[in-house]
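Trainee: Heads up: the sequence lines are chains P and V, in that order. Sequential numbering from 1 applies to the first sequence in the working numbering. Sequential numbering from 1 applies to the second sequence in the working numbering.
The hints are simulated quantities; they were obtained by calculation from the structure and are not laboratory data. Heads up, a few of these hints could be off.
[Claimed, not checked] Cross-link-like lysine-lysine pairs, in silico, BS3-like; alpha carbons within 30 angstroms at most: (1) V:K462 with P:K133; (2) P:K133 with V:K359; (3) V:K462 with P:K19; (4) P:K218 with P:K19.
[As the list claims (entries may be wrong)] Pulled a few chain P residues facing chain V out of the computed Cβ check, cut under 8 angstroms: (5) Y76; (6) P78; (7) E80; (8) L83; (9) M87; (10) E88; (11) A90; (12) L96; (13) L99; (14) G101; (15) F158.
Since this is a predicted model, take the numbers as computed values, not measurements. Yeah, the Cβ is synthetic: ideal placement off N, Cα and C, and Gly gets one too.
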Amino acid sequence: MSLHVEHINKSFGQVQAIKDLSMEVEEGALFGFLGANGAGKTTTMRMILDLLRPDSGQIIWNGIAVRQVARRSFGYLPEERGLYPKMEVAEQLLFLARLSGLSKQDALRALDEWLERFQISANRHKKIEELSKGNQQKVQFLAAMLHDPTILIMDEPFSGLDPVNATVLKGAFLEMHRRGKTIIFSTHQLEQVEELCEDMVLINKGQAVVQGSVQEIKRQHGRNVVRLKLDNDPEANWLDTQAFVQVTKRRQDYIEMQFQANLNPNLIVEAALQHGGIISRFEVVEPSLTDIFMELVGTTALPDAPSALPA
Amino acid sequence: MAKKPVERPEQERSAQEQRAVVVSSGGAAAQNTLRNIRLIIGREYKNRVTQRSFLITSMILLVIVFLAAFVPTIVQLIAARTTSQTHVVVVDDAGSIAGLNEATLTAYINSELNGTNTGSHAPYAITSQPQARLRSLQNQIKNGELDILLVLARATNQNLGFTYYTNASSTSDSNLPKIQALAQQFNFLDVAHRLGLTPSQTRSLFTAPGFTVVNTGQSSRPVSEIVAGYTLAFAGAILVYISVAIYASIVATGVAEEKSSRIMEILVNAATPLQLLAGKIVGIGAACLTQMACLVVVGIGTRLLQTPLQAALFGANAGGFIQYLTGVSIPFYLLFLVYFTLGFFLYATLYAGLGALVKRQDEVQSAVQVPSMLIVAAWLLTYLAVYLPDATWTKVLSYIPFFTPTMMLARFALGIVAWWEIVLTIALMLAAILACTWFAARLYRLGVLMYGQRPGLGRLLKLVRMN
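If we strip away everything but chain V, and leave its shape as in the complex, we get:
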């Protein structure tokens, strides 16, 4: 026997750990598969749901969702309060315009700017003042007592000229375009009158031509629905991205935690690696789904609350945009749930398998780099896709299981998805999940008793293939 120095026991141990300790699969423990998986799911669910961090996060998210649903109403409320009527004073120095002057002029302007709103609901309060008071009116504008002063005058060539006095900053003045349009109209009327056209002839000039839009592409949808679609596409993509990223990494951390607390040694004795894997993923998935379901329910509930609330506050003037969000189709929510669940399982299996390779929880982040980059890529691609929904590459990419949840959801919200595409992508995702489960099970068997250095990607793949 060769002479050996006294070796430190730790060195011996780490040398031994470098070798791949692959836990056996099958055997007697597989007899109780369903029962064991059920037990593990129960434990995982209970453990996760009673964790203080989980409860606190859920509370915070619930509050955020609840408040966020009220935001549109609050915004409208503020807008309604602060935007009291805009006071417009018209000084007519141009004499009669197309037969309108003084009271009739003011009435015409009133009907143009206010439409059918009358009384205190009308956005604009229009009065007329004589030219003599111009100086004092200008001062009133300067010190904010008056919102808008409009002075009509005639130039030497009889053309109308308008001077618009206001205290608002040029970038945020929403009234200017309206007054400009009004001025345009007046000019038109005036010129037509001076040319000698009768009022009915002038009216015929104003009549818009027939203009029909035929959308041969997709079904025609109202603009507000399309805008709502964009919002949903982004919101849906973000939600799927964030929740899958967070929940899947919870799975990985849970696996690493079991390894670092060493309970893994006893667990693999009582249950097979596959049972542990499945139980963990489904258990944590169920807990996360519970959290998500609560958020969705509260979100929808509060949203639905907005309709009667807004009706009570604003009468018939409730914002149309919000209506479309609340009335969003049931299929969208269903599809969201389906894709979210599938996305979670796909990423969670990979995360769990990779999480089994580390020995401390702080190593989890670096172990799961590859799938987390995929999630980020999925999100970014979805952003691009929303701006180019009809591009071929968008379609192709949305079939790749890793990108499907975010991209298909976005495409669906934009209304450009055929039903068979949905079926196809779901089938592809299921197949991908099975493949990843097989791979993750291999990684799990490899890693659960491995406490040494994590092998690099090349060696890892070789080990997986060998065993």
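Same shape as in the complex, but just chain P:
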């Protein structure tokens, strides 16, 4: 049982935003949805939610077209956060939950539970605009999941959060995952994808560029990275002539280079020793999604968050 996106196309006027996109999300998976800004993530999400209809192709959840699936099954955290600023927290969450189909009692019960969990029970009767940004994000999160949806679609759920609040939300995230919900989320913080996701898809210009399990993709597309420091030869220009490596960075504390995944990194050690280098640092770094991202998507996009770049 899963979500099947099958060969969907969507054009707006002259521009084709989504070209023949297909992907599959297992039920209960934590699915990473990656792509540059403007690649078509939001459009695809809206089509999964049946806010927009694709020009051709179909989207099926558990054998039913999403058009027929009850609204209540979906929870959506939009990229542009938004709530009624002058409405009280409890009242607003109740309204949204009931609009999504929850009964009043169930909504109240869920509200109490989650406000407690997020430690914002004290803010029940405050207006949204009176809350701090972190608390607003929490409320936004709750708005997306209070009605106990089966599929959670979240557009950059952790953006703009300080580490403390990010941890609280991540806890909720994982709780949902534990409860068997299917979670599709997009993010530019690729380290989170590596940390949380089992499967992912990377789309660019409306097309799926690569998809599958995170491990597989790293193995297939990633280049291994080696950091080398030679005490007596800081520049190590001889590396540029080597066929199996490509120097990407020269720093004071090391030289970083990429080499083919199936090659033995010991070759570099041998080469260094051959050139009479004194090795003070040699490190094999796991392939990073950032590099894969950059390579596949090109220079048209820059990921956020400096922490995503390997230091």
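Following the hints, put chain V in place on chain P, whose structure we already have.
Mentor: What follows is chain V alone, placed relative to chain P:
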């Protein structure tokens, strides 16, 4: 792949937003239509009614209506206080006039000017003074101790001459016409007497001929009722105009607010655009209707209070004009409510649809230009119509749904409306409301996720037709 410079993400985003993002209709969200609409109405109503600006405005309006109802009474009170009796001194230098002189002359003048009012309620206090005191009387007029000095004299040809001394300014002297009429009468009596007519013959000269007015046009109504009708026509038209304009634009602002706070993204996920549209209009309409109902109730209540109040203050002399306003027919109030509600829904749907196209609240005004011009036109036309109630174009224009509320109400107040016209106009308005709702729903679906440039009218119509 062609070489591409590094594009700023914002540019990409705005290019994408230029395309029309049309939200789908129907689907699973339509299953809960009634329930959702009810929820949305509830939220809108509660939100609007608890807003501080709404409450403050309501308070202010209530106070204004309350005070305004007292104004006629207060005006009368002031008039009664300040206009104490007008003192008239008559100096008769003309000898006997038609057999009247001294006391009988004064009595005659008294009965002419005061009618049946006697004592302190009489508007005029009339005394007679000898000619010798003329100089000092003139001085009394000059320094305001005396209101009116009337000197009767005879010219050489025996004709009566009157000199009227007063300190009041010539433009605001309401006594002059009365004294002039009195003088005319005296002259008549005098000449008749000198010609030798007996008093009974003179009386027969005075008798007015029989004069019957047959109004073949409409039912004949007393003048004061017609005047009250004019007042109601104007008042009703203004009220409908102002309230529809204000309330409908509140709807538009509310929609724009939802877009600018971005809650719209979540809302369209949980409810269809039509549900959102309907809920918003009915919710805000209900809140505004509540405000209007409070005002009307307070207005009527205070008005009704005036009758016993005026009776207590003035006795039987309460102003007749006010009576007609308080006693205004129930049908008028009912019709006012009906037309106001229909007018509101008609304009509110358009406002809501257009409000969905903007992305910030300050853009709302320019987006709703067309319907707001229609409202102004409706009001102006009503003004013209009141002066020309029987013209054909007035009738025709009052059938156009956009102008119906103000014009039909005015025409009804003037008493020139047939019952089938009311039925017809209501039916036409309902049809127009349905059409506008369909159009507004299209605009809504088009606009709720559109955050880029608002398309011009031509492109807008094309988009609506395409989708």
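Trainee: Now tell me if each hint is right for this structure.
Mentor: Results for each hint:
For the given pair, V:K462 sits about 41 angstroms from P:K133 by alpha-carbon distance, which is inconsistent with the 30 angstroms threshold. At most 30 angstroms may separate the alpha-carbon atoms for a hinted pair to count; P:K133 and V:K359 meet this at roughly 22 angstroms. Of the pairs offered as hints, the one joining V:K462 and P:K19 holds, with about 25 angstroms between alpha carbons and a cut-off of 30 angstroms not exceeded. Restraint check: the Cα-Cα separation between P:K218 and P:K19 comes to about 25 angstroms, which is no more than 30 angstroms; the hinted pair holds.
Annotation: P:Y76 was flagged as interfacial toward chain V, and the flag holds, the nearest CB pair being 5 angstroms apart, inside 8 angstroms. The criterion of a C-beta within 8 angstroms of any C-beta in chain V is met by P:P78, whose closest approach is roughly 4 angstroms, and the hint holds. Here the hint on P:E80 is kept, as its CB sits about 5 angstroms from the closest CB of chain V, short of 8 angstroms. The interface hint given for P:L83 is met, as the beta carbon of that residue sits about 5 angstroms from the closest beta carbon of chain V, less than 8 angstroms.
Here the hint on P:M87 is kept, as its CB sits about 7 angstroms from the closest CB of chain V, short of 8 angstroms. Violation of the interface hint for P:E88 is found here, the shortest Cβ-Cβ separation to chain V being roughly 10 angstroms, above the 8 angstroms cut-off. Hint status for P:A90: violated, given a least beta-carbon distance of 13 angstroms to chain V, over 8 angstroms. Given the 8 angstroms rule on beta carbons, the hint for P:L96 holds: about 7 angstroms separates it from the nearest Cβ of chain V.
Interface restraint check for P:L99: the shortest CB-CB distance to chain V comes to about 4 angstroms, inside 8 angstroms, so the restraint holds. Checking P:G101 against chain V by beta carbon gives a least distance of about 6 angstroms; that is within 8 angstroms, so the hint holds. Hint on P:F158 is violated. Least Cβ distance to chain V is approximately 18 angstroms, over the 8 angstroms limit.
Of the numbered hints stated above, those contradicted by the structure are hints 1, 10, 11 and 15, listed in ascending order.
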